Amino acid sequence: GTTNPITPRATMAASQQETSQDSSVEQWRMRRLIRNLDEARGNGTSMISLHIPSKGSGQISRVSKMLREELGTAGNIKSSANKNAVQSAIKSAQHRLQL
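Just add 54 to the spot in the sequence shown (first one is 1) and you have my numbering.
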């Protein structure tokens, strides 16, 4: 009879190579994201960064609630220019979250 040229060892090695490549791609994406975040600039307090963990259900609703609370708290900022900048940044984050 004929023999199968693919051995369990070869299959396992191919699987490990794919896993290693997936890991390398994920690490590259993370480095690119960090570099992009590092290069991002805003005008004073007009830019905020927001990290939403992908694990668990209800993350979007928790973050939306937190942004609503922060928007209310931002109303207490004495400087009207800073208050407007912070409120604008929070509203922008809320809008992007809805997309």
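Derived from the structure by calculation, the hints contain no laboratory data. Hints may be right or wrong, so weigh each one.
[Unchecked claim] With a cut-off of at most 30 Å between alpha-carbon atoms, the simulated DSBU-like pairs for lysine-lysine come out as follows:
#1 Lys137 to Lys119
#2 Lys109 to Lys145
#3 Lys132 to Lys145
#4 Lys109 to Lys119
#5 Lys145 to Lys119
#6 Lys132 to Lys119
If you're wondering where the values come from, they're calculated on a predicted model, not measured in any experiment.
Checked hints:
1. A distance of roughly 19 Å separates the Cα atoms of Lys137 and Lys119; the hinted pair therefore holds under the 30 Å criterion.
2. Between Lys109 and Lys145, the direct Cα distance comes to roughly 24 Å. Compliance with the 30 Å bound is thereby established for this hinted pair.
3. A threshold of 30 Å between alpha carbons decides the hint, and for Lys132 with Lys145 the separation of about 19 Å falls inside it, so the pair holds.
4. A hinted pair counts as satisfied when its Cα atoms are at most 30 Å apart, and Lys109 with Lys119 qualifies at roughly 17 Å.
5. At most 30 Å may separate the alpha-carbon atoms for a hinted pair to count; Lys145 and Lys119 meet this at roughly 12 Å.
6. Of the supplied pair hints, the one linking Lys132 and Lys119 holds, its CA atoms being roughly 23 Å apart against a limit of 30 Å.
In the structure shown, no violation is registered for any of the earlier numbered hints.
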